[in-house]
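In order, the protein sequence lines correspond to chains A and B. Using the working numbering, the first residue of the first sequence is number 1, and each one after it goes up by one. Using the working numbering, the first residue of the second sequence is number 1001, and each one after it goes up by one.
What the hints contain is simulated information worked out from the structure, not anything from laboratory work. Heads up, a few of these hints could be off.
What the hints assert, rightly or not - One-sided and incomplete, this derived list gives chain A residues near chain B with beta-carbon spacing under 7 Å:
| hint | residue |
| --- | --- |
| 1 | Val28 |
| 2 | Asn32 |
| 3 | Asp116 |
| 4 | Ile210 |
| 5 | Ala305 |
| 6 | Pro361 |
| 7 | Asp391 |
| 8 | Arg419 |
| 9 | Thr428 |
| 10 | Thr449 |
Unchecked claim - Take a look, some chain A residues computed to stay more than 12 Å from chain B by CB distance:
| hint | residue |
| --- | --- |
| 11 | Tyr6 |
| 12 | Lys108 |
| 13 | Ser117 |
| 14 | Glu129 |
| 15 | Thr133 |
| 16 | Ser200 |
| 17 | Lys309 |
| 18 | Trp320 |
| 19 | Asn325 |
| 20 | Asp357 |
| 21 | Lys364 |
| 22 | Leu406 |
Ideal placement from N, C-alpha and C gives every residue a C-beta, glycine not left out.
There are 2 protein chains.
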Amino acid sequence: MGSLKYGSPDDFRRGIEELKASFDREDVVSTNPDDLLIHGFSPNVWHPGVPHSVVVYPLSTEDVVKIVKVANKYRMPVIPYSGATSLEGQFVGHVGGGICVDVSRMDKILEIHEADSDLICQPGVGWMEINETLKESGTPLFFPLDPAPSATIGGMLSTGCSGTNAVRYGTAKAEWFLNATVVLPSGEVIKTRSRSRKSSAGFDLTKLFIGAEGTLGIITEVTIRLAPALPTTVAIAQFPDVRKATEAVIEILNKGVGIQCVELLDSAFMDATNLYGPSSRKYTVADHLFFKLQGPSASSLAETARIVKTVVQKHGGTNWSLAENEKEADDLWADRKNAHYSGLAYGGVGCKGWSTDVCVPISKLPDLVYETQKDIEQSGIKYTIVGHAGDGNFHSLLLFKTDEELKVVRGLVHRMVERAIALDGTCTGEHGVGIGKKEFLYEELGEGTVELMKTIKRAVDPLGLFNPGKVKFVEVSFVREIEGRSSLRENMIKEPGLIDNSTRLFSPYKRPSTFQK
Amino acid sequence: MGSLKYGSPDDFRRGIEELKASFDREDVVSTNPDDLLIHGFSPNVWHPGVPHSVVVYPLSTEDVVKIVKVANKYRMPVIPYSGATSLEGQFVGHVGGGICVDVSRMDKILEIHEADSDLICQPGVGWMEINETLKESGTPLFFPLDPAPSATIGGMLSTGCSGTNAVRYGTAKAEWFLNATVVLPSGEVIKTRSRSRKSSAGFDLTKLFIGAEGTLGIITEVTIRLAPALPTTVAIAQFPDVRKATEAVIEILNKGVGIQCVELLDSAFMDATNLYGPSSRKYTVADHLFFKLQGPSASSLAETARIVKTVVQKHGGTNWSLAENEKEADDLWADRKNAHYSGLAYGGVGCKGWSTDVCVPISKLPDLVYETQKDIEQSGIKYTIVGHAGDGNFHSLLLFKTDEELKVVRGLVHRMVERAIALDGTCTGEHGVGIGKKEFLYEELGEGTVELMKTIKRAVDPLGLFNPGKVKFVEVSFVREIEGRSSLRENMIKEPGLIDNSTRLFSPYKRPSTFQK
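With the hints as constraints, model all of the structure from the sequences given.
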C-alpha cells in the first residue's frame, strides 16, 4: 500500500471547503490551529505528534457518512478521535494531512435495558459517565471495562481496552460490546450484529473492529452489555518479593473466589504513594498486592477475604489489611488509582513519565519483572511498577526530565517489549499498537499473521484512508520526532501540509473551545 | 464469486492421486464410499447432505498444508471436519466434489499450564476429554464451553459454540480461545496471537476464525483458557408460565450470585422426561427452571440457593427442590442433558427431531416462546422446548415421522427464525449458519454487513476453496434435497462428481473404520 496516493494540497483545500458547506450548523468544521494541534498530539505520549488539516465534530451517523464521502472524493485520510486517552499515538495526525473526526459530541446514552442487562449509546460517552448514570437511575448494573477515567466507548472498543477489572470481567475482546454501528471507509453504514446476548450468525464482525484502532471503520453507535453491580471491599498485603506475590495470585485465582482486581505494586510505588498519595495512610515500603474483592453479600465478602488471607499468608504475605468500612476501601483504592500522579510527583518538579504496557502468561510475570527491574536500575532511571497481576499485564512508569533521559527510557521500553515477547507474551496487553508498538508486530506475530491483517485492511479500506500509519498499515515516515513543546512548534512550521501556523504559538493542552457544551 | 471455477473431474482425479502420493503413511487418504458419504451427511440434520470426493486424515499442521497445496493446485474445495456434531450442515460436501479434511486424529493435548490456567491442544480433541484429563491429573481447572458431548475443539472454535454454561462463562466468542494455529486457504500457516491472557497487538485474529465455520482457515492447534472447577449443585422449581419464569431469571441474574446455568424446560419436556428420562424422578408436568449453582464453598452455595429461592417464590415459582447430595444433583442434570433422547422417544417409534436454535434479548423470550407455541400447536406437530433462559437462547425439538410433517416443521423453523429476528434477535444463538441459516443473514444483518463478510472472505480465500456454500459464501445449488436414506442413495447415484457408487448400498452411520484407533 506504499504507492497509495492521497489528494494534493489543493484537493485537501477543496475537501475542507466542501465539509464546511456540508453542515448548516456552526462550529462543526474547525481549522483553528489550536484544534488541529491539540487533536494530533497528546501531552502524555512520547511518540511524534502531527496536527490534522481539519477537525470535524459530527453529531450523528449521517454526519460521519458525509465526512467520509468527502474524504473519499478528495482522498483525504480520516483519523477518528474520542476520549483522547490512548497512549500509543492512536489519534496523531497523518503527516500529509487529514480529517480528524472528533466524536466527543456524540455522547448520548440512547437506551437502557435493565431486563436485558444492556445499554445503547453513542461513541463519545465515557464509561464513568455511563456508570454514574446507571447509579443515579437506581439500575443495579454497571459497565466493567475501566481504562483511563476519561476514555469513551468508541475509543475503548477500537483500542480493545481493559483495566483493573479484567481479572473478573475480561477485556473489550470478551462479550461487553454486543454490536456496533460502523461507518466503513466506503461511507457505507453497517450494524455488526443483533442485540441478543449470543449470536453465531456468521463472522463476529463486532470483534473485527475491536482493536482495529479506527483503521477499518468509525464507530457511531454501540450496544454494550452490563454486569450486576456487586458490593466490593479492598484488602492489601505485603510480600517478600514479586515471585511470592505472583504465586499467591495464581493460587487465589484458581480458588474461584470473588476477585474483581489484583494489582501488583512495587516498593517504589508504595514509597511514592506515602509521599504523594491522596490518602494519609502510610504503607510499608515493600512489594504489595492490592485486592478488590466482590460478592453478593457481606458474608460472601467475608468468606472470600478469609480464603485470600490464608493463601496470602501461605506464600509469605504479611501485614494483611482488610478495609473496615467503605471509606477505608475507597481510600486504599484511590491510592492505587492515583498511580500516574504520585509516580510523576515522585520524579520531582518538571518530571515526565512514560507509561509502558506489556503482558505475559502469568507464570512468567516474575521473570519479566526481575529482568526489567535489573535493566532499569542499571540505567539509573527512576520508576514505579503497577501490574494487573491477575492477567500478567505489567506497566512501569519510567520517569525522566531531559531529552537524554528520554532516549534511555525509549531503550528500556524497547527491551521490555522484547523481553515480554520472548516470554510468550505481547508488546501490548491493553494500550494498543498506534504508532508506538508498530515495530514489534512482526517479531511478536510473524510476517504471515501481520500480512493477514494487512489483507483484511486492504479489502475493507482499499484507498488506505482510515487512520493510515497506525497499527501496521501504510508505512509513513514522519518528518521528525516531536519531543517537547519547542520542537513541536518547530515541526508545525516545517510540516509540509496545509497549515501555516508560523505566526502562532503553541497553547497549553485544553479541550478545544468549540467542544465545550 | 459465482463465476469461480473449480477443477474438472480430471483435475480432481489427479488431485486425489497426488494426495495419495503425498503421504507415505497408510490410511491417510480415503476414497472408500462409506467414508465419503458419512463425512458429508449427518443423521441429525435435515438439510441436504452431499458426499465428498476424498477424505484425508492429517496428523499435523504440515499434513494440512500438504492437503491445502494440492487443493490449490487442482482447484478443489476443502471442507474441514472434526466432531461432526454441528446441526446446520457445516460439513456437508460441496456438490461439485471436494476434499474433506478430517482432523479427528489430531486429538492430542500438548501442554497443560496450570499456573497460567491454559492448555494447548490439537483441534480433534473433545471438550469432555479435556475435562476428564484435567480431572484425572488433579488440575483444579476445566474448560467451560459445553456444546454437544462429542464436539471437538476445532469445530467448537469454528462454530462459535457455547452451551448451558454460557450464562456464567460466556461463549466461544469471549476469551476462551487465546490463540489458534491456522492453515490459510493459500497454504500459509499463521498463529493468531501470543499465549498471554490479554493482548491488544492489532486486530483480534483469533476472533476472525471463531464462527467462520472453516471458510477462512483450518484450525490445527489451539491454546484454550481454563477456569477454576468449582463445587456445583442443582435446584429446580416450577412456574405458572414462561413469563413468570423469565422474570425470575432476569432478577436472579442481576443479583450477581453464582449461577452457572439456567435452563427453561416446558411442560411437554417434563412430560417426556417423566416417561423417558434417565432418572426415576417424576416431575410435575409444568414449565420449569433448572438451575446449576456454583460457589467456592458449601456456605456460598447455600447462600446462593437461599437468594435464588426467594426470587423464585416472588415470581410465583413453587415446588422448589434443591439437590440434597451430589447423586441427586447429577440425576436432575442428567434429565436435562437427555433432552434430545427423551424428546425423540416422546414422539414415538420412528420419530425424528429437528433441533432449532434462535436467540433474543432475554426480555423478549416470553413473546418468542408464546408465539412459537401457538404456531406449533396450530400445526399439530409434537414438540418440546429447552431454552438457555439466562441468555435468551431458545431451542425447540420439533418431532416428525413423515415427509409431509417434515415440510410443516421446516415452515415452523422458518417462522421461528423470522420471529426472533423481528424481536431484535438472531437466527442462531450457537448452532451457526452452515447451510441451514444462510437464507436469513440478509434479513437479520442487512446487505452491507453480509457484504463485509464476503469482502473479507474474498480477500482471505480469493479462489473460494474453503468450505464453499457455507455461511453465505459462493452460492451453490444442490442437485436435490436429501431427506432420507433411499433418496440419499439416489442422490449419490445422480451426483455428477467423481464417485461411482451405483453398486453400493448405504451403510448405517458409523465412524469410518480408518478412524478407529
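Hint check results:
1. Because the beta carbon of Val28(A) sits about 25 Å from the nearest beta carbon in chain B, more than 7 Å, this interface hint is broken.
2. Annotation: Asn32(A) was flagged as interfacial toward chain B, and the flag is violated, the nearest CB pair being 32 Å apart, outside 7 Å.
3. At a threshold of 7 Å, the smallest CB-CB gap from Asp116(A) to chain B is about 4 Å, leaving the interface hint in force.
4. Annotation: interface hint on Ile210(A) holds; nearest CB of chain B at approximately 6 Å, less than 7 Å.
5. Annotation: interface hint on Ala305(A) violated; nearest CB of chain B at approximately 12 Å, more than 7 Å.
6. A cut of 7 Å between beta carbons decides the hint on Pro361(A): the least distance to chain B is about 4 Å, and the hint holds.
7. Evaluation of the Asp391(A) hint against chain B yields a held restraint, the C-beta minimum of about 5 Å falling below 7 Å.
8. The criterion of a C-beta within 7 Å of any C-beta in chain B is not met by Arg419(A), whose closest approach is roughly 13 Å, and the hint is violated.
9. For Thr428(A), the suggested interface contact is upheld, since its CB lies about 5 Å from the closest CB of chain B, less than 7 Å.
10. At a threshold of 7 Å, the smallest CB-CB gap from Thr449(A) to chain B is about 4 Å, leaving the interface hint in force.
11. Here Tyr6(A) stays apart from chain B, with its beta-carbon at least about 22 Å from theirs, past the 12 Å limit.
12. Consistency note on Lys108(A): stated as away from chain B, and its beta-carbon is indeed over 12 Å from all of that chain's, at 20 Å minimum.
13. Its beta-carbon lying about 7 Å from the closest one in chain B, Ser117(A) breaks the requirement of being farther than 12 Å from that chain.
14. Against chain B, the non-interface label of Glu129(A) holds: every CB pair exceeds 12 Å, the least being about 21 Å.
15. Taking the minimum C-beta to C-beta distance to chain B, about 17 Å, the non-interface status of Thr133(A) holds against the 12 Å cut.
16. At roughly 4 Å from the closest C-beta of chain B, the C-beta of Ser200(A) falls inside 12 Å, breaking its exclusion from the interface.
17. In this structure Lys309(A) is separated from chain B by more than 12 Å, as the shortest Cβ-Cβ distance comes to about 14 Å.
18. Every CB of chain B lies more than 12 Å from the CB of Trp320(A), the least distance being 19 Å, so the non-interface label holds.
19. Against the 12 Å criterion, Asn325(A) stays outside the reach of chain B, whose nearest CB is about 21 Å from its own CB.
20. Listed as a non-interface residue, Asp357(A) fails to keep its Cβ farther than 12 Å from every Cβ of chain B; the least gap is roughly 8 Å.
21. Non-interface call for Lys364(A) relative to chain B: violated, since the shortest CB-CB distance, roughly 8 Å, does not exceed 12 Å.
22. Leu406(A), annotated as away from the interface, keeps every beta carbon of chain B farther than 12 Å; the closest lies near 24 Å.
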